[in-house]
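Participant: Protein chains in written order, with the UniProt record's numbering: chain A, 1 to 310; chain B, 1 to 548.
Source of the hints: derived by calculation from the structure; they are not laboratory data.
For every residue, glycine included, the Cβ atom is placed at its ideal position computed from N, Cα and C.
Watch out, some of these pointers could steer you wrong.
[Claimed, not checked] With a Cα cut of at most 27 Å, we get these calculated DSSO-like pairs of lysine-lysine:
1. 52/A - 220/B
2. 220/A - 210/A
3. 57/A - 220/B
[Said to hold, decoys possible] Just so you have them, the derived chain A footprint on chain B, three or more residues with Cβ under 8 Å:
4. 306 to 312
5. 413 to 419
6. 432 to 443
[Unchecked claim] Computed list of chain B residues with no C-beta within reach of chain A, every gap over 10 Å:
7. 128
8. 135
9. 152
10. 172
11. 196
12. 199
13. 202
14. 238
15. 261
16. 262
17. 264
18. 334
19. 347
20. 428
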Amino acid sequence: MTRYILKRIFYLFLTLLIIASITFFMMKALPGTPYTNQAKLSPEQIATLNQKYGFNKPLWVQYFMYLGNLLHGDLGTSFQFNNQPVTQLIGNHVGPSVQLGLQAMILGTILGIILGSIAAIKKHSWIDALTTIVSILGLSIPSFVLAILLQWFFGFKIQLLPVALWHGFSSSILPTLALTALPLASIARYMRTEMVDVLSSDYIELARAKGDDSSEVILKHAIRNSLIPIITVIGPMAVQIMTGSMVVESIFSIPGIGNQFVQSILTNDYPTIMGLTLFYSFLMVVVILITDIMYGVIDPRIRLGKGGKA
Amino acid sequence: MKRLKHPKFFSFAMLGVVAVALAGCSQQSSSNTPRNKTVAVSSKDVISTMDSSLNTDQIGSQNLNNTMEGLYRYRGKQLKPAMATSIAQPTNNGTVYNINLRHAKWSNGDPVTAHDFVYAWRRIVDPKTGSQYSYIYSGIKNADAIVAGKKKPDTLGIKALGDHQLQITLEHPIPYFNTLVTGSQFLPINQRSIKKAGNTYGISSKEMAFNGPYKLVNWKVGDTEWTEVKNHSYWNAHHVQPKAIKYYTIKDPNTGLNLYDTNQMDRYQDISGDSARQLSNRHDFGTDLTSSTFYIEMNQKKLPYFKNAKLRQAISLTINRDELSNNVLGKTGTASHSIVPRDMTHHKTTGTDFVKEPSALADQQYTSYNPKKATKLWQEGLQETGQKELNLTMTTDDTDTAKKQAEYLQNSFEKNLPGLKVTISSVPFKTRIQRQSTHDFDLIVAAWNADYPDPTNFMDLFTTGNPQNDGQWSNKEYDHYVKAAETTDINNPELRWKDMLQAQHIITKEQGVIPLYQVTSASLTKSNVHNFKITPTGLYDMASVIKN
């Protein structure tokens, strides 16, 4: 197990290096300069600034300089926000995004599992139909439509919750709900399909035949076995949601990270683009690693270290 | 004035009249209005930096203008002495300014001295600072050489003759010098606070000291909301009525409207074209003219037939600028007949607007919708240049409003100019700028925002060889007049005015670039908040705002 994990960590860093390299060269191919006042600068002024920031050096020199700084944990300073270190920029904005993402994931996963399980147990009932409708709606309604509707109804019409802004927990309710739809819908769908499968399998029949009562069978065997594919989806989905939804964040004026990423690309803010890409990639590979380890916890048949030898 | 204590006797309309009257005598008004109010307004984006040497955007400039004070301050369109005790008149043929500073204090208790100005001005031209606005110092003694790294920053033409006396030396007279230095690039910097903050100066309010009407508190860069409280150390604090100004970053128009309609904001500003179109009938909707012009440039280097004036004139005459402003831009723009913005520069003695002088009004024939004449000129132009069919790509920004505008223009052109086919290429801002500077376009919709309120700021752009002359239109006579306004006639306001009018006449008649519209800033404002006065460089003077 330890050897396996060490090997995976080595691959993790290799993946990050490849991502960093590809992003670096793609980013340098973007048209324009990172200077926010580019429209008013003459070619001579741009040349002077390029010299200051080392952009006049050959691309490969810049690349290795970048990698060198990266090894020291230095992501550079932002161009959009003069003098602001990128690490600090990410640190200041990641909080709200992660909070919303976690809340939405937890709520979505719990509701999705409950809804999916009930739908599977009561197959072809009204609740099953409802689950299908919720899934289709959740997957097909874009989060910004839901966000605007929630904002208009709860914020403006009945004025129960804040319209927007980031003032404590109450501000997080509407954006969380807007973000919950997607995980809820997809998890409910996966859960239903898996559960229907599991419920008709031999070992459930056996458990029932042994005299286990129905609720025990479902809790002990059916749900647990149906969770395996869900875990595969949850990880990457969690990263996606936690790294900020640009649209939901801008609708609710939340100081999150999603908007920063888009802004940094639009303004050619090289250090921020690189910093955020690496941050996202890091989260993603770590989550995938954790997911792999989790498999073993849930299903002893795929316990990792032994799996290789078997 | 005293009756203002009983606003219930007034209709809203009368309150409006009173508010306008108050503008002239804020001293009396401020003692009569409540002083415990916070004014909440929207901001279209966050503050990128509060370092006046590094700031490049309008939001930074606005918040620096709220919290810092330079030599002069615009009260609406009126230039008033601020840190300077009076508006200085130059000596030595217009090249030396001796300026006395008032005894004022920074918010950290330090006195504001001439050294704070010297320090800040040297810092911005120092190539080590990497300012993207250092070029604006061009014309101040040695500035260009320092920016280019050929001279030391301490050779800049600014000297402290004492703690409260500045001497500024120019390389050549700059007739608009006093308005130029209202820009945020010319603000003083408190040296104690910058020494404490070091490299991180301007990214949080903690280490900063302010000498303006308000001071920023508990702010760090990237915050989506921030508060500026009244600065009691401000020399003119008595005339600042609100207790604080609160800013909320609003990127989504529905959010802005919902916050405004649920009374969480007193003013929702910078409303974009699409939303403005829907809101423009509301009684609380208003617009202010800014000093930005949008125009079309035609690439004469790539497509030499655009050297033919008739083709350029024809394109211009197909555009119904009023329809464009009202129906497409939702009143976030108003028809432009000159590249120089309206309500930006006025004649010193007569007070006539530069773009409303008789010659400018007569030239509106070149920019007024006239499809028949357009078709005729176009056909003549095609014949003269030996062209039959033209396939052109028009590059524009990729905002919703820009796309709609492009479609409107495409339709106007193709309908009235036989043989012309226009393809629209909507690209992100950075790409548009890149295409402009590399002359990689056929037609491009570009814009310029005034750095200082003088017509030459716009006219310079289209002189031969100017790097911002993207379409490379060139006219010797035009070059001559612009140059005369900047050199030989610089100390003669009458001649200079005439030179600039001549230049305006030439570029308008020739349609060297095709003016489209002047940007207006659209907003919704509650009836109990008054006096949002826009300055010639498009900022609001928040020190004058009053909330009842």
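Participant: Each hint should be assessed against the structure and marked as holding or not.
Facilitator: Now for the hints, and whether the structure bears them out:
1. 52/A - 220/B: holds, 26 Å
2. 220/A - 210/A: holds, 14 Å
3. 57/A - 220/B: Violated: residue 57/A and residue 220/B sit about 33 Å apart, past 27 Å.
4. 306 to 312: violated (count 0)
5. 413 to 419: This one is violated; 0 residues, fewer than the three required, reach chain A with a Cβ under 8 Å.
6. 432 to 443: Satisfied; 5 residues make the cut.
7. 128: Violated: least Cβ distance 8 Å, not greater than 10 Å.
8. 135: Residue 135/B is in fact no farther than 10 Å from some Cβ atom of chain A, at 6 Å.
9. 152: holds, 16 Å
10. 172: Holds, since 19 Å exceeds 10 Å.
11. 196: Non-interface label on residue 196/B holds, nearest chain A Cβ at 14 Å vs cutoff 10 Å.
12. 199: violated, 6 Å
13. 202: violated, 7 Å
14. 238: holds, 33 Å
15. 261: violated, 7 Å
16. 262: Since the minimum Cβ distance to chain A is about 6 Å, residue 262/B lies within 10 Å and the statement is violated.
17. 264: violated, 7 Å
18. 334: holds, 22 Å
19. 347: Nearest chain A Cβ is 27 Å from residue 347/B, so the label holds.
20. 428: violated, 6 Å
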